[in-house]
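Given chain A, work out where chains B and C should sit, using these hints.
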Amino acid sequence: MDLTILGSAAINGLLIGGIYTLVASGLTLIYGVLHIINFAHGSLLMLAMFGVYYLLMKLGIDPYMSLLIMVPVMYLLGYLLYKLLIGRLSQGKDENILLITLGLSILIENLALMFFKGDTRTISVSYSDTMVELGPTLVSLPKIISFGAAMALCAVLGLFIQRTDTGRAIRAVAKERVGARLVGIDVERIFAISFGIGLATLGAAACLLMPIFYVSPTTGHVFVMVAFTVVVLGGMGSFLGAVIGGLIVGLTESFGGLFLGESLGQIGISLIFILILLFRPSGLFGAKR
Amino acid sequence: MLKVEGLTKIFGGLKAVDNASLEVGEGRIVALIGPNGAGKTTLFSCIAGFQSVNAGKVTFQGKDITGGAVHDIARSGMVRTFQITQPFAKLTVHENIAVGAYQKFHDRSQAWEHARRVAEQVGMGAQLDQPAADLTVAGRKRLELARTLATNPKLLLLDEVMAGLNPSEIVEIIDIIRKIRASGVTVLLIEHVMQAVMSLSEHIYVLSYGKIIADGAPHEVVNNPAVIEAYLGRGAADSAKPESSHA
Amino acid sequence: MNNDARAIGWPLHLALLAIAVAFPFVFPSPFLVNFGVLALFYAFIGQSWNIAGGFAGQLSFGHVVFFGAGAYASTILQLRFGMNPWLGLPASALAGAVVGGIIGFLSFRAGLKGSYFALITLAFAEVLRILVNSVGFTGGGLGLLIPAKMSAANFQFPERIGFYFLILALTVVSIAVAVWLKRSRFGAQLAAIRENEDAAMALGINVFQEKVKVMVLSGAMCGVGGCFFAQYFLYIDPTIVFGVDKSVEMLLVSMIGGAGTIYGPLIGAVLLAGISDITRLITNVQGLSLVLYGTLLVIIIAFLPNGLIDLFKRIGKRFHQGGA
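Protein chains in written order, with this note's numbering: chain A, 1 to 289; chain B, 1 to 247; chain C, 1 to 324.
Just so you know, the hints here were simulated from the structure itself, not pulled from any lab data. Fair warning: there could be bad hints in the mix.
[Claimed, not checked] Here are the simulated lysine-lysine pairs, DSS-like style, with alpha carbons at most 25 Å apart:
1) A/Lys175 / C/Lys113
2) B/Lys90 / C/Lys149
3) C/Lys113 / B/Lys154
4) B/Lys90 / C/Lys313
5) C/Lys213 / B/Lys90
6) B/Lys154 / B/Lys57
7) B/Lys104 / C/Lys213
[To be verified] Which stretches of chain A does chain C cover? Using the computed rule of at least three CB atoms under 8 Å from a CB of chain C, they are:
8) 96–104
9) 259–270
[As the list claims (entries may be wrong)] Counterexamples of contact, computed for chain A against chain C with all Cβ distances above 10 Å:
10) Ile5
11) Ala180
12) Met225
For glycine and all other residues, C-beta sits at the position ideal for the given N, C-alpha and C.
With the rest of the complex left out, here is chain A (with noise of 0.2 Å):
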């Protein structure tokens, strides 16, 4: 096997993995502060995604530029589903909310099939196709772009959780449900702003994906499965985690692609789901159960 194929397949994956890790973020930011696995983060990527491509398309925006758009858009839904469904209704056995994430990702998904209709949607600015040399091989320019965005995005979210105020709340609460209640925090506001920011991301992260992948109502079941493959794998509520496993990932389902093919190259990403649950639960970096 050539060296720059290889080489090729790894930037790419990284790059790629570079998204993972902010889709994946949002998760796990989740999981840690709320406790909840939302089963409805790959259908609310889809919704967001659809969100830039009609940003482009009715309104001409870029989809760089959506992120002005989509992320505060969707920080403001994940806090009103917080506020008005999610809040009202955690209450109870662990697989109850799982089940109500499921409901809701059942119905955006089948929400968006029946307005957008099945069709896959892909979208083209006038740097679609420009390549840019790195080091062995070439490579499309907003992949590039959309690794660098999402790189720094990781950082700016990382620096909030760790210097400011509302970001020492969230790892109090994260830490210390009772804990923190009792010292002044109120742990309500602080679930709807950490679900905001979950979503938050999945706006950020569907600006920089149209760019280079595609759209349709049923993207949703991929990156759920790559979202908690990531997360699993890095560790519940870790965040260094979300950053590492987004990159294995990435690179996982890119040497997949290539050593087994378009097909059967998917499977690398739910193998190592299964691997990692049934043999390291808490991943790399995540607390033990």
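This is chains B and C only, laid out in the frame that chain A set:
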């Protein structure tokens, strides 16, 4: 019937149980007492197989059961109750007890009849069709007792079965436990309610900070300075009369 | 919920059976018979999910893996090895049972419960879907077409009503299994495991073993559903029989109808098939029925977690109290 030798259980850096040894003869009622946090429930968990041990041996009816599977130990005749009751919430009282009965009786009508009898034995005959989730604390404790009793055990490990009961309920349970022993079951109980401990047990072990610090007949143990010190602190041991309630 | 077995006496079972038997004669239109087949089909595979998810409390999101295993097993044996199509029923049961045993063994050995178990079953289904999609032996992405040779002997009834009575028989069996679970030692132990695994263990139940057993049973039943599906539609492909949709539908009919109850899946299935057919009559828009269904799921979990059967029971109680 039960022999525990040098059992040690370590969590991280903490020795929850430290070289504990005790013996329970067949047909006796033995109590395990000690201040809160002494490690009594941990010791029970280790004996019954819920926790692995770091050192020591547990022998039941002559067989070494150290580190055995919980369900195997239960089937061999040693059953435990839980300090925080664990009812099968959505099932009725009758169904709860039947799960215990099914251990020995494979036929449904036999198991249900046996469960009904056990329910009467502990005074729950009138509540058979109530969902377990609707029971009071006292009811749940009784249910816990009934469920384990229904397995026709040889040794019952009762973990604070009196906690949360009012005086008349305590008297009832004491009577029930006596009757259980009379029917041939050996009992090892963790208890804080001294009234029950004193009137029921023939032998007492005292656990403090994971170590057995005293054992003997009830009146001996209660007068033992080390025991008083464990409960009431240094200085209390030096005063005249021992208190008969726990710290 | 657990006095089902006593509350539902033989008269009710027989009445429902009589209605089901009479149905295709009273409503002989192909459209309605098809509705009947689909409703019973979902009731059957829903019950298979219910056995693991409702009775034993092991929710799976990837139950379709057993369905697909059964569908492909019976179809491949028929197409590539010339096996008699009717033998596909036991073959698919075996395939489903084996896959159930493996997945159960691996997952429970690793101590997976609750949401983690749900997700790993999803992953297993994905793995099988991708494998089957990529291998020529299983027809790859194009799937497998069963040549039409309409005859009962060939497990291809020329009249739909043949399929109707077959799936009715299968559904009756599934309901019998559910009744058996309600009244047997095995079922009582599963209920205990569902409610509280530690307490169940402390009473002598080998929790691991019983959980694997229930996955084998559930897998076998679901596999048979796959065989039936293949024979009814004469075409299977990885997306249809290993895709997420069937997993979701199996789960939906049970949860909405009433998980852990005998007739829950049937109620949920009639509702699903009904909503599906009615929406298709009203509009061409794809996805509407599932929108309704997804909403229903959220509402049920939030307000009526024991399913619609619970609603019927409460109404029934009101009548009783009102009468007395």
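Now the hints, each set against the structure:
This hinted pair checks out: A/Lys175 and C/Lys113 have alpha carbons roughly 22 Å apart, not beyond 25 Å. For the given pair, B/Lys90 sits about 51 Å from C/Lys149 by alpha-carbon distance, which is inconsistent with the 25 Å threshold. Our distance criterion of 25 Å between C-alpha atoms is broken by C/Lys113 and B/Lys154, whose separation comes to about 32 Å. Between B/Lys90 and C/Lys313 the CA atoms are separated by roughly 16 Å; this keeps the pair inside 25 Å, and the hint holds.
With a CA separation close to 22 Å, the supplied pair C/Lys213 and B/Lys90 stays within the 25 Å bound. With a C-alpha separation of about 19 Å, the suggested pairing of B/Lys154 with B/Lys57 holds against the 25 Å cut-off. Our distance criterion of 25 Å between C-alpha atoms is met by B/Lys104 and C/Lys213, whose separation comes to about 20 Å. Coverage of the region 96–104 of chain A by chain C holds. Counting CB-CB distances below 8 Å, 7 residues qualify, and the rule asks for three or more.
Here the region 259–270 of chain A counts 7 residues with a CB under 8 Å from a CB of chain C, which clears the bar of 3, and the coverage holds. Distance to chain C confirms A/Ile5 as a non-interface residue, since its nearest Cβ pair spans about 21 Å, more than 10 Å. For A/Ala180, the condition that its CB be more than 10 Å from all CB atoms of chain C holds, with the nearest at approximately 23 Å. With a minimum CB-CB distance of about 6 Å to chain C, A/Met225 fails to clear the 10 Å threshold, and the non-interface call is violated.
Of the numbered hints listed earlier, those contradicted by the structure are 2, 3, 12.
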